[in-house]
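Participant: Those protein sequence lines, which keep their order, are chains A and B. No gaps in the numbering here: position 116 of the first sequence is 116 in my numbering, and each next residue is one more. No gaps in the numbering here: position 119 of the second sequence is 119 in my numbering, and each next residue is one more.
Check before you lean on any hint, since a few could be wrong.
Taking lysine-lysine and the DSSO-like style, the derived pairs with C-alpha atoms no more than 27 Å apart in a straight line are [unchecked claim]:
| id | chain 1 | residue 1 | chain 2 | residue 2 |
| --- | --- | --- | --- | --- |
| 1 | A | K64 | A | K40 |
| 2 | B | K103 | A | K177 |
| 3 | A | K123 | A | K83 |
| 4 | B | K209 | B | K157 |
| 5 | B | K123 | A | K103 |
| 6 | A | K103 | B | K39 |
| 7 | A | K11 | B | K39 |
| 8 | B | K103 | A | K123 |
| 9 | B | K157 | B | K123 |
| 10 | A | K103 | B | K11 |
The following label-pair restraints were derived from C-beta to C-beta distances [as the list claims (entries may be wrong)]:
| id | chain 1 | residue 1 | chain 2 | residue 2 | range |
| --- | --- | --- | --- | --- | --- |
| 11 | B | D125 | A | E149 | 28 to 36 Å |
| 12 | B | D22 | A | K40 | 57 to 65 Å |
| 13 | B | G65 | A | K21 | 50 to 58 Å |
| 14 | B | D36 | A | S126 | 18 to 26 Å |
I should point out that these hints are in silico values taken from the structure, not numbers from a laboratory. Virtual Cβ for every residue (Gly too), placed ideally from N, Cα, C.
Chain residues, written in single-letter form:
2 protein chains.
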Amino acid sequence: MEKCGQLYEGKAKKVFATEDKDLVIVSYKDDATALDGQKKGTIVGKGAINNRMSNHLMKMLGEKGVKTHFVEELTDRETVVKKVSIIPLEVIVRNVAAGSFSKRYGVEEGTSFASPTIEFSYKDDSLHDPLINTYHAIALNLATRQEIEEIKDMAFKINEELKKYFLELNVKLIDFKLEFGKTSTGEIVLADEISPDTCRFWDSNTNEKLDKDRFRRDMGNVEEAYAEMMKRVFGVM
Amino acid sequence: MEKCGQLYEGKAKKVFATEDKDLVIVSYKDDATALDGQKKGTIVGKGAINNRMSNHLMKMLGEKGVKTHFVEELTDRETVVKKVSIIPLEVIVRNVAAGSFSKRYGVEEGTSFASPTIEFSYKDDSLHDPLINTYHAIALNLATRQEIEEIKDMAFKINEELKKYFLELNVKLIDFKLEFGKTSTGEIVLADEISPDTCRFWDSNTNEKLDKDRFRRDMGNVEEAYAEMMKRVFGVM
Numbered sequence: 001m002e003k004c005g006q007l008y009e010g011k012a013k014k015v016f017a018t019e020d021k022d023l024v025i026v027s028y029k030d031d032a033t034a035l036d037g038q039k040k041g042t043i044v045g046k047g048a049i050n051n052r053m054s055n056h057l058m059k060m061l062g063e064k065g066v067k068t069h070f071v072e073e074l075t076d077r078e079t080v081v082k083k084v085s086i087i088p089l090e091v092i093v094r095n096v097a098a099g100s101f102s103k104r105y106g107v108e109e110g111t112s113f114a115s116p117t118i119e120f121s122y123k124d125d126s127l128h129d130p131l132i133n134t135y136h137a138i139a140l141n142l143a144t145r146q147e148i149e150e151i152k153d154m155a156f157k158i159n160e161e162l163k164k165y166f167l168e169l170n171v172k173l174i175d176f177k178l179e180f181g182k183t184s185t186g187e188i189v190l191a192d193e194i195s196p197d198t199c200r201f202w203d204s205n206t207n208e209k210l211d212k213d214r215f216r217r218d219m220g221n222v223e224e225a226y227a228e229m230m231k232r233v234f235g236v237m
Numbered sequence: 001m002e003k004c005g006q007l008y009e010g011k012a013k014k015v016f017a018t019e020d021k022d023l024v025i026v027s028y029k030d031d032a033t034a035l036d037g038q039k040k041g042t043i044v045g046k047g048a049i050n051n052r053m054s055n056h057l058m059k060m061l062g063e064k065g066v067k068t069h070f071v072e073e074l075t076d077r078e079t080v081v082k083k084v085s086i087i088p089l090e091v092i093v094r095n096v097a098a099g100s101f102s103k104r105y106g107v108e109e110g111t112s113f114a115s116p117t118i119e120f121s122y123k124d125d126s127l128h129d130p131l132i133n134t135y136h137a138i139a140l141n142l143a144t145r146q147e148i149e150e151i152k153d154m155a156f157k158i159n160e161e162l163k164k165y166f167l168e169l170n171v172k173l174i175d176f177k178l179e180f181g182k183t184s185t186g187e188i189v190l191a192d193e194i195s196p197d198t199c200r201f202w203d204s205n206t207n208e209k210l211d212k213d214r215f216r217r218d219m220g221n222v223e224e225a226y227a228e229m230m231k232r233v234f235g236v237m
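One chain only, chain A, in its complex shape (with noise of 0.2 Å):
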């Protein structure tokens, strides 16, 4: 499969066009931003870590009946993927207590939860992806309510199999991020991708940070972390 034209630039990945309408080549940058876009630098190799890592990840759970955008890896930074008209709602689920909830809401980092929370954010850079409900949601047409609690009841079944899965390799997953997307034939599938970008990943013995946190708050040992989460995740590198 070749690329034809630039469909898209984001900030951390391009996408193109292919011969076939209802495929996409999506490939990975290095570039990292955050802070709502104030904070911009390059987390060298992390393109190649997001692509393969995220493809694994939604092999995995399309394993376990859960609809992906994923078709197939073409290079380490490059992967087919479905062409979806993305819902513009940022889906976030937690299990523990960090980053922007316990800011909002005042609760200490690394606060667990009884049952998992999910939150909905507006994906709109000129209004800063407000935090939005359904209610609202449904009526600015976002997506209908059917949808939402497709995207709700899908986005519950990913942590589950994600919380199984890290565990396994001793990473406590504290939160994550996803989009979802409408296919050409209306299917609703898991979209963008499953990343130390998109993760808050804590060693589960020493609550080490192994995502892009360690970015976002200069702690150092960026690529580092990207690297042993790889490493967890495949064994070598």
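Assemble the complex: chain A is given as a structure, and chain B must be docked to it using the hints.
Facilitator: For chain B alone, coordinates are given in the frame of chain A:
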């Protein structure tokens, strides 16, 4: 019924104990605050208007089967209500986009929703009353799932009754904020107040604002707007 010691002084009301441990006396002030407390002022006559209007509306809602904290109006500014522990969620029902909703989601003020929406804010001054969803309110033990479902049902019923009531007075109910409390017997009742401080009222012909937005936005004729609402509710003052 006599006031004993003062229990609490809020931005717009004082609360006093009585000889009955299950009853308190609320005393309405003319003080007004807005913009998260940054703007302070006085709206002359507001205390009496809000007290009388809120009591009138709570009585009306009580007749429609809505449980409220209202017991007895003592004077122009003072009312006996059931003592409740306030559930720390501000409940906002919206029929038309305005205020923080319009700003947050980039939607023009005056845009009607196909169905009313509801949202919750976590009542915590130090956190600036952040928006919170059902999952997080439950995770933070602010209320149980059952309590939240009961509050939602009550809030939507109150909206239907108030919308109908105000439309007959040529007033569109744009949105409003409710608070609920739990009595000593565990019953959930509507508490706080229903007034131009807590509702957006627009004249149904001219869209003229007849509420606290005139104070928030320095529009002038603040006292006149409160008096106009009072006149529409009571005929004459």
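Participant: Work down the list of hints and note, for each, if the structure agrees.
Facilitator: Hints versus structure:
1. For the given pair, A:K64 sits about 36 Å from A:K40 by alpha-carbon distance, which is inconsistent with the 27 Å threshold.
2. The hinted pair formed by B:K103 and A:K177 meets the criterion: a straight-line CA distance of about 24 Å does not exceed 27 Å.
3. Taken as a hint, the A:K123 and A:K83 pair is honoured in the structure, with Cα atoms around 18 Å apart against an allowance of 27 Å.
4. Taking the CA atoms of B:K209 and B:K157, the gap is near 24 Å; set against the 27 Å cutoff, the hint holds.
5. Straight-line distance between C-alpha atoms of B:K123 and A:K103 comes to about 15 Å, which keeps the hinted pair within the 27 Å bound.
6. About 25 Å separates the Cα atoms of A:K103 and B:K39, which keeps this hinted pair within 27 Å; it holds.
7. Pair hint A:K11 plus B:K39 does not hold up; C-alpha atoms about 39 Å apart against a cutoff of 27 Å.
8. Using a Cα cut-off of 27 Å, the hinted pair B:K103 and A:K123 holds, with the two alpha carbons roughly 15 Å apart.
9. Between B:K157 and B:K123 the CA atoms are separated by roughly 22 Å; this keeps the pair inside 27 Å, and the hint holds.
10. The hinted pair formed by A:K103 and B:K11 meets the criterion: a straight-line CA distance of about 25 Å does not exceed 27 Å.
11. Taken as a hint, the range 28 to 36 Å holds for the pair B:D125 and A:E149, whose Cβ atoms sit roughly 35 Å apart.
12. Against the hinted window of 57 to 65 Å, the Cβ-Cβ separation of B:D22 and A:K40 comes to about 59 Å, which satisfies the hint.
13. Distance hint for B:G65 and A:K21: a CB-CB separation of about 57 Å, consistent with the stated range 50 to 58 Å.
14. For the pair B:D36 and A:S126, the beta carbons lie near 23 Å from each other, so the given range of 18 to 26 Å is met.
When held up to the earlier numbered hints, the structure conflicts with 1 and 7 and fits the remainder.
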